[in-house]
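With chain R fixed as given, assemble chain X onto it according to the hints.
Chains R and X, in that order, give the protein sequences. Just remember that this note's numbering sits 47 ahead of the position in the first sequence, which is counted from 1. Just remember that this note's numbering sits 47 ahead of the position in the second sequence, which is counted from 1.
Derived by calculation from the structure, the hints in this document are not laboratory data. Owing to the predicted nature of the structure, the values given are computational and were not obtained by experimental measurement. Just so you know, not all the hints are guaranteed correct.
It does not matter which identical chain is used: a pair holds within one copy or between any two.
Simulated crosslink set (EDC-like; lysine to aspartate or glutamate; CA at most 16 Å straight-line) [what the hints assert, rightly or not]:
| id | residue 1 | residue 2 |
| --- | --- | --- |
| 1 | 172 | 307 |
| 2 | 175 | 103 |
| 3 | 68 | 56 |
| 4 | 507 | 143 |
| 5 | 173 | 307 |
| 6 | 235 | 439 |
Number of protein chains: 2
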Amino acid sequence: MITALRALEPHELQDFTEEVKSEVILRVKEKIPHLESSLAVAELTVALHYVLNTPEDVLIWDVGHQGYIHKAITGRMKSLNHQRTPGGISGFLKRDESPFDFFGAGHASTSISALAGVCMADAIKKHKRHRIAVVGDGSLTGGQTFEALNHLGTIDTDALVILNDNDGSIDQTIGVLHNYQNYQSYFKSLGWEYHRCEEGNDVTILVAQLQQALTLGGKRVIHVKTTRPDLSPPKSYKPGTTFQWWAAEEMGLILAANPEIQILSSAMFAGSGFAPLRVKHPQQLHDTGINEPHTVTAAAGIAAAGGKAWVHIYSTFLQRAMDQVIHDIALQELPVIFLVDRAGFVGSDGPTHHGVFDLGFLLDIPNVTVWNPMDGSELQAMLRKASEIQPELRGPLFIRYPKARTSCDSPVDFMEYRFLKKGHSNTLLLSSGVLSSFAKEEAMDHAHLGQVKPLPADVKRMLGQYQTIVILEESMGTGGLSGAVAMEIAHSDLDIKLVVRKINDVFTEHGSRHELLKATGLLP
Amino acid sequence: MITALRALEPHELQDFTEEVKSEVILRVKEKIPHLESSLAVAELTVALHYVLNTPEDVLIWDVGHQGYIHKAITGRMKSLNHQRTPGGISGFLKRDESPFDFFGAGHASTSISALAGVCMADAIKKHKRHRIAVVGDGSLTGGQTFEALNHLGTIDTDALVILNDNDGSIDQTIGVLHNYQNYQSYFKSLGWEYHRCEEGNDVTILVAQLQQALTLGGKRVIHVKTTRPDLSPPKSYKPGTTFQWWAAEEMGLILAANPEIQILSSAMFAGSGFAPLRVKHPQQLHDTGINEPHTVTAAAGIAAAGGKAWVHIYSTFLQRAMDQVIHDIALQELPVIFLVDRAGFVGSDGPTHHGVFDLGFLLDIPNVTVWNPMDGSELQAMLRKASEIQPELRGPLFIRYPKARTSCDSPVDFMEYRFLKKGHSNTLLLSSGVLSSFAKEEAMDHAHLGQVKPLPADVKRMLGQYQTIVILEESMGTGGLSGAVAMEIAHSDLDIKLVVRKINDVFTEHGSRHELLKATGLLP
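Next up, chain R with everything else stripped away, as it sits in the complex:
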């Protein structure tokens, strides 16, 4: 298709774009998270592949949300039918999917850094080619883009950044950079030439402007104004069926009763069912932009000033603020509560987004408390308990829950652990989180750990009563719950056989949670 595209005359490009758009909409009709973001850059995508000699010229996208049209015209139109399903293509850019996907992009704000790397590699090789990054206005709020612009500003190189400004990222874009004049001042202060294109959905104008920009040398930004179509919203879960829904319900009560609580989120409220809360409690819910390090330290600042700070974040993005959790919160023993959404396999978003690393690193940090509820009832009990004990906390508390369905039956009280089955077995199954509600091992006793760190004091006693401990854990790596139990045994005189079922040391592709849990052996 790309050869056909390049054979066209400029006046034929708009029809071509419309056809591509229609076909893409048709093919991904049922599953359309973020499809609007891609459709907004349909003309830009066509124009870029028309004027560039990709993949020899380097085109780097920021976040995969912009990538559906790109995928369609680089040989993956038919594959879109099976995007985000097992064996199908990814919803994001992915290097091993196509040479046209020069750099993977699941998380935001990385593209200009990658562009800097290409400039540096090409300088050593004296390799001349066009190098372009396309970054959305939402991604631009991530500090890494500033770091990259500021660094590239000092390098004598040719690089083009296209700011795709559709005035809104996943959530409402936050920040002051919301008009041409501010953007212009901003980029110029960092050493970049600034151009703008008001007609970002007119492919002919785009082609002309891009062709002109490519003839200029140096570091240039083209600020392209695009418009997102309004598609019908993607299918969402029914009320009262997910961890997200139960979390939002309980938080509504907690916020109303505790007007000093402030919840910060780096653009993740909408994806978690917290949008209505934001409308109802505008003084208490703050969307800070795509900027996890800032958000976590700002929460520490609230706590240092005697406020009640909560952070709402996805597990995969907590990876971006590990140092801030350690340095600003845990070390300073500040009472910040984290709602860690999408802990565990995340489903169709795939390997860039699985929340499988946070448990491992959180358990390694002193002064940290970690809770994993098994269902909606326990989640709500934990939220209530957290709001009660926040003043006494000496460090962060993390309440982790998956993107999964769950029920919420009769209210329960918070308990550090609970026996789900206790007979006379000499083998104990120890699990945590939602896996506790699925696990069925006929021949074993079964305890659910709501609190994974600190390990409940009773766990030591519990271990002494069994010959074999089987750990079931939706997490990666050498540590986590299994590592914590292994260390407990190592520091004791106990002679216990430890058996561990957790996620293998490989990146896991996309698929439904159920499929992935079965494939990794966590579900029978």
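Chain X in isolation, oriented as in the chain R frame:
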């Protein structure tokens, strides 16, 4: 002293400042890392405490390097004699040391985020007071400061940021923001009023400007130009005695032989003995500024473009780029080599800087290789080996070494593991890194693991030959080497008693490496 300060007339402040400076220099004469940074802001520090009602008014410093004068005039003058020694005060800002240390600051670029948190907490409580962050021009290159400025720019609040511009941070400051006009454009584009003060070492002028600025509302930046005195450099290690020195020596040879290798560092070359290499190979060593996320992704970009990227970074700052290691390098199977300096206890810098977390999280990431040399000879062998195998790597390789003395005797070849002692014991001591060279256990066999991940295939066989495995590990947490061996045993039929000696689950204060290793039981 602060009461005495506030009783002075403005014209008496310069004498006061000179006396404080002289006494501080006298007291910290022998150990003066970064003392110049504090002396450069002596007048600013005096002026701030003079016009503000600290600690009720909030004063947040960015990085502790600016904090010695602040400590002196807030009741810790005498304690400076014992700064950075066991039982003495910290070299950085620290909340539990004084109510005047409102927010801890060991790592850079966090102050404006903390300031944002204070503004948010005060808004809820309707608390009126002055709120100020002082940030150096070097710290400003960290993207978190941009995130914070951009977010605060949208909030209706009173906040003052003082940019302390002494034209140079730890290492040479990088970036384009190097003149008044660019700084002005930059701050204004993010919604901040901009003022400047050329006479940043004139306390009377500073007082007048600060008093005026405090009467204005809104978000304001004062860009203060300060001058650093030139003190004699701190005592450094003798050539040929440290891991750092041997690393730099070998890298000199490798860089000369491999002109395509590029080493990126976020302002850490100078602290690691790499400054001479930078002079000799300016095309191959790039100081990118204080911006670890960008640096790591830029290295991924170099690799994606077919270049040979190395990253030079301290363990404690690698925490800031964990997501970039996972998302941009490991997941994409890109061959980037990391020189992880200051792995393990870091000595007098203390808990903000100990490199005790990286091993735990690196071992949890798929496609990662981790090497820990026991001495200078093995470090050099690993660097040579790394440069040879870089094209075949399918993911990042981390070579971790401590801030410690070591020797470099006859050259050795790279080996995944090595028996240091082998008799007929049924107990095996398994250690890695420099601890292998100290460990002496009469009754045990002893193997050193140069490669911790992937665990050498022979380790499985090795485990089967012993009843007890003792792990000795300079790292925190539930995972790491001990977790990896525990998982290996859990996935086998072996009946082995595991004994683990590693760092307890608490933050460790400052002290010499030797003292800290003894105190934590890692050295006898």
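Cross-check of the supplied hints:
no.	hint	verdict
1	172 - 307	between (57 Å within a copy, 8 Å between copies)
2	175 - 103	within (10 Å within a copy, 58 Å between copies)
3	68 - 56	neither (19 Å within a copy, 73 Å between copies)
4	507 - 143	neither (46 Å within a copy, 33 Å between copies)
5	173 - 307	between (58 Å within a copy, 11 Å between copies)
6	235 - 439	neither (48 Å within a copy, 41 Å between copies)
Violated hints for the displayed structure, listed by number in ascending order: 3, 4, 6.
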